[in-house]
Structure formats: C-alpha cells, structure tokens
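Undergrad: First to last, the protein sequences are chains A and B. Okay, so the first sequence: first residue is 0 according to numbering that gives the first Met the number 0, each after it adds one. Okay, so the second sequence: first residue is 0 according to numbering that gives the first Met the number 0, each after it adds one.
Careful, some of the hints might be misleading.
Straight-line Cα separation of at most 35 Å, DSBU-like style, residue types lysine-lysine; simulated pairs [to be verified]:
id, chain 1, residue 1, chain 2, residue 2
1, B, Lys232, B, Lys145
2, B, Lys240, B, Lys184
3, A, Lys61, B, Lys232
4, B, Lys240, A, Lys61
5, B, Lys225, B, Lys279
6, B, Lys180, B, Lys240
7, B, Lys145, A, Lys61
8, A, Lys61, B, Lys331
9, A, Lys99, B, Lys232
10, B, Lys372, A, Lys99
11, B, Lys240, B, Lys111
12, B, Lys331, A, Lys99
13, B, Lys240, A, Lys99
14, B, Lys184, B, Lys325
Just so you know, the hints here were simulated from the structure itself, not pulled from any lab data.
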Amino acid sequence: MPKALMFLAMWALTMSATAEAVTAERQTELRNLVHQDCGSCHGMRLTGGLGPAITSRALQDKNHEFLFATISEGRHGTPMPPWRTLLTRQEIDWIVDYLKTVETQP
Amino acid sequence: MRAFLAAVVLSLLVAGAVAGELRGTGDLGVVVERADGRLLVVEHTGNSRLAEVEGLGDLSHASVVFSRDERFAYVFGRDGGLTRVDILEGRIVNRVMQSGNSIGGAISQDGKWIAVSNYEPGGVRVFDAATLEMVADIPAEYAPGKFSKTVGLVDAPGNQFVFSLYDGDQIWLVDMMNPRKPRIKRFENIGRAPYDALITPDGRYYIAGLFGEDSMALLDLWHPEKGVQKILKGYAEHDEKLPVYKMPHLEGWAMAGEQAFVPAVGQHKVLVMNTGSWQKEAEIDVHGQPVFVIARPDGRQVWVNFAYPNNDTIQVIDVESRRVIKTLKPGKGVLHMEFTPRGERVWMSVRDDNRIDVYDTSTLERVKSLPAKKPSGIFFTDRAHKIGL
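Just chain A, same shape as in the assembly:
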C-alpha cells in the first residue's frame, strides 16, 4: 500500500509538470506507444529485447537530459531511431518521466 501511494504521488508530480502540454487522452496514447511500439525492440514490459531494458530500475543511473536526447535524436550506430519528428518536446519529457517512475516489472 505505501508503494502504491508513493507511485500515486510520483505520478501526480509528473502530471503537474506536464499536464498543461500533454492531455490525459494523449498520455494514454503515449503509454500505449511506449509499451507496444518502443516495446517491439525493448519488450512490452520494457525488460529488453534487441534493444536494452528500459525499466525504471535499468534507467536509474541515467539522467533526464540523457534520456531526452536518446529519444529525441536516436543513438547513432544502433537501431534506435530519432523520435523528434513524431513527438513534441513535451511528449518526450512526459515519456522520460514515465520511464523513470512507472513500475514495469511483472
């Protein structure tokens, strides 16, 4: 229960930072995108596949800027593509926050 509360609190924080830019409806789409489409390389549960694991635990040593740049620009020399043409800055911010906080382990 405390875990769930903490999660809720973190989620609320995330919400307050980005709520203006990313609507609730869009957040649902982005969550689906992360698990279903990022998931095609990183695994639906984000535990890794051809690409590395991107669970909150796996990303705990990576800062926001690094993750933002990775999603926005891609990683040269790897299959990670740049997403800046498909997502807004606010949406990428939201995804980084989501990845850092969500509990993705089964």
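Chain A is already provided as a structure; the job is to place chain B on it using the hints.
TA: For chain B alone, coordinates are given in the frame of chain A:
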C-alpha cells in the same frame, strides 16, 4: 431468436469438438494475445475462436512452431518461457523457463528437437520436444567472453538448425545428428548486425538481413563450403536512409516463381530480387517501411504491412505487374498476417482495435472480424509441414 439459438447450439458443438469429440487439427491455429500472456485457439473453416489458454508469461514478440502431428504448439515467450500447448484440449502440457530473454525458436526436421534463440544469455538452447528437457546449450561466444544475441533461428534439412549472431556478425550452422553433441560450423564476418533471417521454402538458401549495411548475407546449404556471399549490395546507396521505427521481419519471405520480394530496411520500398542471379530486378514504392512482406500461397499476390507510424495500412502487390493493386486501412497497429493453407483467406491482427480481421484474398474485402485482446502473431498449423516455419 431462432437464428440466435442456432448460433448458440453451433458454438456449443464447436467448443465440444475441441474439448472431447474427434476432430482434426489441420484447420486450427493460435493467436497470441501478448499483453495478457494468453493464446486463442482458432479455426479457419468457420473462422471462429475455440479456446483460450492462459498463463504463458510475457508474450512480447512471441512466436510459435507446431509438432508434426499438428496437435501441439510450442510457444516462445520474451521472458525465456518455452511452453508446450495441447491445442485440442486447450491447455498447457509443459512449461519451462529456459533463459532470461528470448526471441523465438524452431523445430527440427524430425520433429524431435526444439531450439530456442536467446538474447540473454546470448545463444541457442535445444530441448527434447516431448519432455522439454534441455539436451544442448550453445552459447554464442563470438570472441573470448563475449556472447551475442541470436536471431533468425530456423530449421534446415539434414536435421540442422541455422541462426545468426546480431552482435557477432556470424552465421552458425548446427548439425543435430547427435543431439547431445551438436556439430557447429561457424561463418564469420558475414556483414554487420544481422537482425533476422529466413530459409527459402525448399530449405536450400539461408539469408540474413543486415541492419548495419545495405546488403544481405546468403548461405547455400547445399554448398556450405563455398561460404557466405553478399547479395543486394548497396541496394539503398542512392537513396536517403530513413530512421527505422520497427525492424522488418524476414520469416515467411515472399518467394513467387523466380522472384523474391523483400523489405528494404529504412526505405518505403519492397525490393524484387531474381532468385537465380540474386540480383535486384525492381523496386516497388509502398506506403511506409515494410515489416512483413509475405506471398499468398499461390505466389500471385504479396501482402505488406508497415512500421510505425504507418502501421494502420496493408498493401497488396500483384506479382505479375509488380504494382500495388489495393491499399487497405484495417485499423491501428496491424502487426501480423497469416494465410490459410491454400490462400483463399488471410487473417490479420489489428492490435490497437482489439480485433482479428479475416479478408477474402480474391475480392480483397473483409469477411469477418473476431474479438481478440491486443493480438499480435497468428499461426496456423500447416506451418508444421513447412521448412523454416
């Protein structure tokens, strides 16, 4: 009301058939509901759902092969789970967690061995098809202490398995004549980052797609002594290469007569290659980056789906004229297609709309939809008798 009752009675009859009464399996198949770790058992004579099988773990990118009697499905899950499912009884017979992270598998020519391709730990493991007991562990050590993710695992004639090393740029040919002591032949420097592979339907040529360069790696299994040959070199050198939002799949590669149709990596194109010379004959402009490029069993049509953000679309190519003859918009997230054995219908999973659609391949019209939760792969039992599937 009478029609409703008739439908209820019919569905009870069909369900009963799977559970107890005598029934063949040649028109059965499974659909992966990947988010819920569940399989649907389906049949394509009446296009219906027959049973649900729960408890298969993480089915991201899950794939399936069938026993030669077409009764058992072997399901390869992302979490390393290998599960043997009795599709007649609609239940799990046996399940082992064989690795931390896996990507698919194959069944040997004699039906006795199941090989699983693993990302973590990188390599291939081989299991007894009846008991799922491990008989061989083949770590993909391509340099001292370095293990590669393995991809493109297929069966080949002579009771062999073939796979590629994504990090190691190699192809390995595994002879299973003595299953506990497999003989391995390694082909090195085959090209950068093989991401998937296929074997031609006759079992002769193994071809790996390369993510790191504009070519493919070809191994002639009739003449492995000749080594790996690069084909389609520089197929995209005059074109701008786009970011790839989903890796193409090479399984079920479209071979139609002397032509093979392959997805171009990072381009909105399907390439047509001559299978005598392995030269590119033509390019066909399509709606997005192709993921699956598969031929109707008679080879007259090729159906294509696409990577995000164009994954709401299917295009049908007429092989003779090499033109797109139909663009379909089934819905968001069309992930996979599977033809009925003789090709009069094609099933497709429409992930984000939670549906399986069935199309007539001559009228190109939808004839039926079935509910399915976030469906991904669709696998019909006739794969049991096809090399490489």
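Undergrad: Could you grab the alpha-carbon distance between Lys99 of chain A and Lys232 of chain B and see if it respects the 35 Å cut-off?
TA: violated (41 Å)
Undergrad: Regarding the pair Lys240 of chain B and Lys61 of chain A, is the alpha-carbon distance no greater than 35 Å?
TA: Between Lys240 of chain B and Lys61 of chain A the Cα gap is close to 29 Å, so the pair holds against 35 Å.
Undergrad: Is the straight-line distance between the alpha-carbon of Lys145 of chain B and that of Lys61 of chain A 35 Å or less?
TA: holds (25 Å)
Undergrad: Within a Cα-Cα threshold of 35 Å, do Lys240 of chain B and Lys99 of chain A meet the stated pairing?
TA: The given pair, whose Cα atoms are some 31 Å apart, holds under the 35 Å limit.
Undergrad: Compare the distance between the alpha carbons of Lys240 of chain B and Lys184 of chain B with 35 Å, and conclude whether the hinted pair is satisfied.
TA: Answer holds: Lys240 of chain B to Lys184 of chain B is near 34 Å, not above 35 Å.
Undergrad: Mind checking the alpha carbons of Lys184 of chain B and Lys325 of chain B for me, to see if they're no more than 35 Å apart?
TA: Violated, at about 44 Å.
Undergrad: Below or equal to 35 Å on CA atoms is what counts here, so check Lys232 of chain B against Lys145 of chain B.
TA: holds (28 Å)
Undergrad: Given the hint that Lys240 of chain B pairs with Lys111 of chain B, test it: the Cα-Cα distance must not exceed 35 Å.
TA: violated (43 Å)
Undergrad: Has the given pair, Lys61 of chain A with Lys232 of chain B, been kept, meaning a C-alpha gap of at most 35 Å?
TA: Violated. Lys61 of chain A to Lys232 of chain B sits at ~38 Å, over the 35 Å cutoff.
Undergrad: Verify the proposed pairing of Lys372 of chain B with Lys99 of chain A, using a straight-line Cα cut of 35 Å.
TA: Within the cut-off at roughly 27 Å; holds.
Undergrad: Is Lys61 of chain A within 35 Å of Lys331 of chain B, Cα to Cα?
TA: Between Lys61 of chain A and Lys331 of chain B the Cα gap is close to 32 Å, so the pair holds against 35 Å.
Undergrad: Hint check: Lys225 of chain B vs Lys279 of chain B, CA-CA at most 35 Å. Holds or violated?
TA: holds (22 Å)
Hints 3, 6, 9, 11 and 14 from the earlier list are contradicted by this structure; the remaining hints agree with it.
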